[in-house]
Amino acid sequence: MRIAAIILALAAVAVSKVHLRRAETRANHEIHRLQLRQITLRRTLYDQQVILGGLTAPMQVRRRAELMDARLTDQLPVEREMAWDRQARR
Amino acid sequence: MANQSTLRLNLLFGLLALGAVALCVRLALLVGVDPADAAARARRQQRMVVPLPGRPGGIFVRTRRSYVPAAISRQVPSCFVDPFLLRDDEIADVCIALGEVLSVHPVHLQEQIIRRRTKRFLWVRRGMTQAEAEAVLARRLPAVGITHEWRRAYPCGPLAATVVGFRQRDGVGAGGLELSFDRQLTAADGRRVILADARRRPIWPVAEESRCPADGSNVFLCLDAVIQEALQQAVNESVEQFDAQWGAGVVLDPRTGDVLAMCSAPSYDPADYQHATAARRTNRAICTPYEPGSALKPIYAAAAVEAGLVGYQTQVFCENGVYHAPRGGRITDHGQQYGYLTVEDVVVFSSNIGMAKIGEKLGNRAMYETARRFGFGQKSTVGLPGESGGIVRPVRKWDGYSLRRVPFGQEISVTTLQLATAFAALTNGGLLMRPRLIDHIRNADGQVVWRNPPKVVRRVLKPSVAAQSLAALTQVVERGTGKRCKLEHWTSFGKTGTAQVPGPGGYPPGQYVGSFIGGAPASAPRVLCLVSIYRPNHRKGYYGAKVAAPFVKEVLEKSLRYLGVPPDRPGSVWPQDGNVAAASREPSARRRF
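Chains A and B, in that order, are what the protein sequence lines are. My numbering applies: residue 57 is where the first sequence begins, and numbers increase by one. My numbering applies: residue 20 is where the second sequence begins, and numbers increase by one.
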């Protein structure tokens, strides 16, 4: 009778261990999947920033303005005065 | 009958026993003889490893509002075939299909596949469009696959090419910052491990053994895209106009030592580095030292004033144009016949004889120490590969000739960056700043992992001497040799430099380096620009005042407008013309990224 109880207990421990191992593996896999997802999202964001940086690069702005036959204008004197004031305040 | 069946049973048992013994022997061999090898083989057979390539980091230059990518990596699809898996009767069909989709020659491809018949991998096309990749996948060709590679792109083209450098096709940095910051830019590849059955079908991902890729860090520079473009245009124009061998330029912020622009001409496109000669890929601004000539005069004049030997108003007799120095050879003022000049005028009118006499007062030891103190003869540690420290010979080798020639820039060689850095010290109150090319480095998560703040190397002049020196340099532009760098809206300062190029046995005729270093506004210097033009066609012009000063003026005007520096010339109002890029409109916004 005792031996049966011990065998049952050991079996329960074994089943629990397998279960825990399975859950751990699943969690690890989920972590790995999420990390990869994070990397993918980060790369997408990076790509967007790079595109934005490229589009706002002065040479790109000038090239596109030329293509669209749009004339770039300088700041108005009033705007410039305000900019200097802001710089001076800093 | 019974005996016969017993015999059969015994035979069966015997065979089974023999099989069992064989299995035991095999097991013993596997476990006992080389268990590690057996375990490794089992692991290899049970696991599939999928590589997860990391993205190399980028290099960014700044504008007033944001950072602009100068070098980045983009993922591009590439097509491969496994020749081993292809059946003989499939080869022709696969080659024809790939030929149609990818415009490769089917016969040529077939030859390659047959030549590598037992190999497991053959590139069909590297770096194709997404549409081409989708077309290949849609055909469902046997043993043909698409993988993705990181391909380096240089969105700004040749802008700052010699600074940014280039990467070889295998992803190894091979020039400029791509080489010197290769460790930070390079990514660590990840991998996904999957448990597979004997037929290589996936069963279960092994997360414990899998690893995420670590993307490379991003390097952010102090270079400004707008100023860089202005400098490159100016230097290219001068090199073309005067048929020069090469030209180099540097723009610094003298307050912080920030390198706002650095270029070398002729240059190259990093995306097409294979077709550029080594000479074009060389960053002349840091790699090629040259004798600076008269551009060195303000430094030695300031050193003499600092040492208390002369003042800027001390009179120096300039021998009416020809000076036969005792054991120092013949020195002339190139046709000018100056009598008495103040030390300030010696700088303003660039008198060689006046400087030779100042050199006599200083002595070789003090001049050598001045050169070292201003950073000549040692690398500036700007962070670029192949930097030269310039040439400053040991003081024991200096003689009577050196005594009179070093003060006007002979017998000493400096790089464009060194000279600009030394000049910055004259104009910022006497502090030698370390030239700062890298602003900071961020990891892939966007956290700053390394910051490079401005650093004072040492004080080289008293603030009062530096202020007098700046006043003398302002006079060079107002009434001296640098009039061509006089700006309309800002007060400026500068110094011309014209030196002969030394050759074996002396200075061959007709070979010069013309340079000009100038800055503005003189009331509070914000920008300092040096342009050096090496071996221009002397029939077209070779004086620094001609081959470099007008181009420095162009760069200074563009830079000051772009930076929004208020005019300081009395009575000057802001110009109304509109050539400033829209990107420079906002003066104080925080940079993105």
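Among the clues, some could well be false.
[Stated by the list, open to error] Now the stretches of chain A that chain B is said to cover, found in silico as 3 or more residues with beta-carbon under 8 angstroms:
no.	region
1	75 to 85
2	88 to 94
3	104 to 114
Simulated from the structure, these hints should not be mistaken for laboratory data. Keep in mind it's a predicted model, so treat the numbers as computed, not measured. Backbone N, C-alpha and C fix where the C-beta goes; we use that ideal spot for every residue, glycine too.
Now the hints, each set against the structure:
| no. | hint | result |
| --- | --- | --- |
| 1 | 75 to 85 | holds (count 3) |
| 2 | 88 to 94 | holds (count 3) |
| 3 | 104 to 114 | holds (count 8) |
The structure agrees with every numbered hint stated previously.
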